[in-house]
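Protein chains: 2
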Amino acid sequence: MLKKTGRYDAFKLKWHPCYSDPPTVYPIPNHQFWDSDVAKWIEGACYLLVDRYDAEIDLAVQELVQMIREAQDPDGYLNIHYSVVEPGKRFTNLRDMHELYNAGHLIEGALAHRLYYKNNEMMTPILKYADLLAATLGDQEGQIPGYPGHPEIELALLRLYKVTNDPKHLKLALFFVEERGNASGGEEKRHYYDVEAEARGESEHDLPMYYPAAKSYWYQQAHLPIVDQMTVEGHSVRAMYLLTAVADLVRIEQPDSDFGTKYLPTLHQLWSNMIEKKSYVTGGIGAMKKWEGFGMDYFLPHGTDEGGCYAETCAAIGVMMLAERLLQVELNGHYADIMELCLYNAVLTSMSLDGKAFTYVNQLASSDQDLSQRHEWFECACCPPNVTRTLGFLGGYIWSHTVEDSGAVVNVHLYTSATLALQIGESKVEITQKTNWPWEGDVQFDIRTDQSLLDIQLRLRVPGWVKSWEITPRPDQFDVQDGYLYLGAEWLQNNPSFRFSCPMQPRLVRPHPLAMQPVVYIMRGPIVYCIEDIDHPWEKNHFKMTMFNPESHLREEIRSQPDQHVAIVADKGAAGDLDTSSWNGQITAESKNETSGEARKLHFIPYYLRANRGGRDELTTE
Amino acid sequence: MLKKTGRYDAFKLKWHPCYSDPPTVYPIPNHQFWDSDVAKWIEGACYLLVDRYDAEIDLAVQELVQMIREAQDPDGYLNIHYSVVEPGKRFTNLRDMHELYNAGHLIEGALAHRLYYKNNEMMTPILKYADLLAATLGDQEGQIPGYPGHPEIELALLRLYKVTNDPKHLKLALFFVEERGNASGGEEKRHYYDVEAEARGESEHDLPMYYPAAKSYWYQQAHLPIVDQMTVEGHSVRAMYLLTAVADLVRIEQPDSDFGTKYLPTLHQLWSNMIEKKSYVTGGIGAMKKWEGFGMDYFLPHGTDEGGCYAETCAAIGVMMLAERLLQVELNGHYADIMELCLYNAVLTSMSLDGKAFTYVNQLASSDQDLSQRHEWFECACCPPNVTRTLGFLGGYIWSHTVEDSGAVVNVHLYTSATLALQIGESKVEITQKTNWPWEGDVQFDIRTDQSLLDIQLRLRVPGWVKSWEITPRPDQFDVQDGYLYLGAEWLQNNPSFRFSCPMQPRLVRPHPLAMQPVVYIMRGPIVYCIEDIDHPWEKNHFKMTMFNPESHLREEIRSQPDQHVAIVADKGAAGDLDTSSWNGQITAESKNETSGEARKLHFIPYYLRANRGGRDELTTE
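Just so you know, the sequences run in chain order B and W. Residues 2 to 623, numbered by the working numbering, are exactly what the first sequence covers, in order. Residues 2 to 623, numbered by the working numbering, are exactly what the second sequence covers, in order.
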């Protein structure tokens, strides 16, 4: 798709006919993100090449990197749009344009490239670009006191800093985070986006399509300094990327700064607001299509015909990124629960089983306006390569660890079949988990070491949704802290093989009462279930009138189509159809909600498997 | 207030300092509606002077009319803004500016003025202005092929036509109605608002504040020709005023046009869509604040913190206007039910008992963002004088009649204490109804005639909400058609005094299930009830957590504060508080909605009496 759409060759800096297309989302040129599409593909490719070498992909990465090297301006600048379409306009619209966002993805691409290729072919030009950015942007005289409309470079710079330890990478990231939302910034003591818009000669009524009103800077989380924000607002991907950088900052120790004290309360506040009041059952966030972001507290409609259910794929990936960082800040199973929820539902649902079709929006219920469909590609194609790199980086979500001289602490956040290989001093350790998760809850662990007295400690997440769990052999006593079972070195030395078991069974969950959704959801383990029209040929209108009987018996069935999964069947799950005849021609009626028609069988399939079997593309999770 | 704010003297065409204020609602100058504020006040004053003469008001009307006469341009043009602020720019922005809307209200004012003063002091200049408009706008060569962004002049011209019978008044109204939404209109075969915006040199991204996106012409009901519209969309006052004109057209007989065949299906379609899917329990319409209008089907949140509940006063008045016209097209009690519902709830609630404070927005539930408060005045002050003229014209809503040589048919739509005096040939007839409606359901009718054999027929609305009714003396048989009890001349000659009784008792009603509001409302007769914090000092958060027990006994209490009314008390109406602790820190929970705390007494007061007794301005209707 990169080749087909022109993105692959874009770093050759030739004119592409689509560069003159009017923006679909004014004022952002449609090709504005191309740099990041390529960079994210490189990042994902480099992760996945580790798993399975592919000569064509290897060659493509190298070819792209060569193009990127050649596209660089002598002064280090590196951007397709501003090199080809608007030369001379660089850094004049940080608010709307994705110049620094693209730079961030180039940095992340370079980090992955260096990891796989173990050379600096990509890193060298990117470091040069970072030097230019560090020289150009900041609070010193002659610098542009601005920050990106779409955060991303902050977290990228902090990832880079971890590798380079170059203070200017930290400094620039910190400047971007701290200056953001400053109403009296720069020499003019004004909001940078005001200053910048004025310099562009822009009327305040010339509204970007995603702005509900003039100066809707909350869209960019730039309405207030981050530490003063009490609710998570605006474009949800931007919010997650920004908070991920903030969480990264917390772990950075500096002689004269305590980032934890400064930022941890904000992270807690915004995370809680998001989870309690602005998240869907799938972990999806951002109900509102217009600004691809958060609505009001508890405003969580299930589909377009109810007012929205955007739940962008990239935003759920952002939640995973943030959760992954927070788990490093404080080991709490809650973050891993949310990370797992997002992965299996809000993220996995975005790709078809054959890996060739994607969603951008992940609604909980379809409607005539928005069927349950995947697409081959998007004009703004942020999601597909984001899924690629997320799946490539899955190991980073499954576990985290710290290695010391004679041992290691390994935190197991997610369960799947995987192996972690560690080098501890002179010793090699392999920790393997084997499971049919999420269909079965038994996980077999095996620790293989080349010497028996290593101080290995394991911390296993106890999912928040389990009612009981077991570990075999059974320790004399358990140490569970904040949702993690702490297994000490001694017990593990005696029990290098053990089984951790989380029984799974269907359960009904409900949204917060203030969300005013008169629904229940079916979950089993981390999986959210849905129903699709293909299993229910009697369905006429997206299941809107189907009344679920919450007392019905939920039976599990192992199925292999469209892929191995546990389906759930409720033989009389549909109590009948909602009878609204009392309301015909009326505003209100004295009737209670009544049901007509016969009870029918409902087939529930994991939400992420939706839209893989044909049908009329109707679904609901309710 | 007209004097205090500068409106009273504005037709003197002097500069007012506020004329240079930036628009609060871009791009509409704040003083844009001043002409209409004055005209609506004149209209209301002329209606009310009939009831009770007041020398000060009489003098003010005469003074204003004199100013209007002097403000008229020699060519007939008459508009404050374009005479004082933007001379030379007349008719260049029909889409946003209220030039023709103002003209419509001037016409309606002139009609009321002529009715009361029985002279043409106001009518003469207005007819001259109408001549100019008829010459300037239309589909002939050299004419501007445009139509007003805010309908009003259409219905005003049709009211005028009924008096003047001048075909150019009908023709202009018809042109405005039929050209509206024409995508290939005028010589350029394009949408007039596109042509006009281009002529102004306007960027399509220069968005009026009420436009969610470029060219949101549905805001003005100009996205499609009216006959092609299947759902009622956009600004709700505009929609109601437009449809009122369309309903007026239906009753006009023309040799070569059957307006009924053409427009009645559209009226039925849009009315049904509005009532079934876009109306609040109070009859209020238009959930969305941004465009002061309709949201999606069934999107009817109760307050700002749920996503809206605009329910503008003027829009409810518009529903009454439309219902009043539809009742003349087809006598059906359903229209009168809605008219009564709007009057007692969505309209009456907009004025404080002392007549000095008003609402613009009529939410069903308050929130911290929007308390339940009235205000002395508004920058855009359409609502207060609209209430004035509506109350002044109440007789027109109570009954309609047709008089012929030897008799009359009188339709009684609303019950209250009132007298209708008719001249039938040489005879005088007085029909009087006397009742304590809506607190009691007995209505005493008396027909007084100076000769006994007149062919008087009465049709009494049987409210849709009554379960049973009685008429005393009791006729041998009843003729009820479409919600009206038809009483014939013979029975009435024998029973010139009779009583019609509709027992009233509290009832619980529910919104349509697809509105997904887990609430019940309490009604009694046409009155919707609410609860206020002043009666419930234990209330903390706008009753959001108070769980009503729908099984509780509802007891009536006659009260005299803040005004005579029947209150409803439920001794254990509050089952307790919603317990949401299971959701703390979670997206979903397995818990059902549970209640904690003790059952408590709830006091229900008519919604229209809200915010007359102090308190913390918290209310809910749920």
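Everything labelled a hint here was simulated from the structure, so no lab data went into it. Be aware that one or more of the hints could be misleading.
The list makes no distinction among identical chains, and a pair is therefore deemed to hold if it is satisfied within one copy or across any two copies.
[Claimed, not checked] Here are the simulated lysine-lysine pairs, PhoX-like style, with alpha carbons at most 25 Å apart:
1) Lys545 with Lys119
2) Lys216 with Lys290
3) Lys216 with Lys291
4) Lys602 with Lys541
5) Lys573 with Lys593
6) Lys545 with Lys593
7) Lys169 with Lys129
8) Lys163 with Lys468
Hints versus structure:
With identical chains, the CA atoms of Lys545 and Lys119 are never at most 25 Å apart, being 55 Å at best within one copy and 59 Å at best between copies. Both within a single protomer and between protomers do Lys216 and Lys290 lie at most 25 Å apart by alpha-carbon distance, with minima of 18 Å and 18 Å respectively. When the C-alpha separation of Lys216 and Lys291 is checked against a cutoff of 25 Å, the pair qualifies both within a copy, at 15 Å, and between copies, at 16 Å. In this assembly of identical chains, the alpha carbons of Lys602 and Lys541 lie at most 25 Å apart only when taken from the same copy (15 Å versus 44 Å across copies).
Taking the shortest Cα distances, Lys573 and Lys593 sit within 25 Å of each other both inside one copy (22 Å) and across copies (21 Å). For the homomeric pair Lys545 and Lys593, the shortest alpha-carbon distances inside one copy (17 Å) and between copies (21 Å) are both at most 25 Å. Taking the shortest alpha-carbon separations for Lys169 and Lys129, only the intra-copy value of 12 Å comes in at or below 25 Å, while the best inter-copy value is 75 Å. For the identical chains of this complex, Lys163 and Lys468 are neighbours neither inside a copy (39 Å) nor across copies (76 Å), given an alpha-carbon limit of 25 Å.
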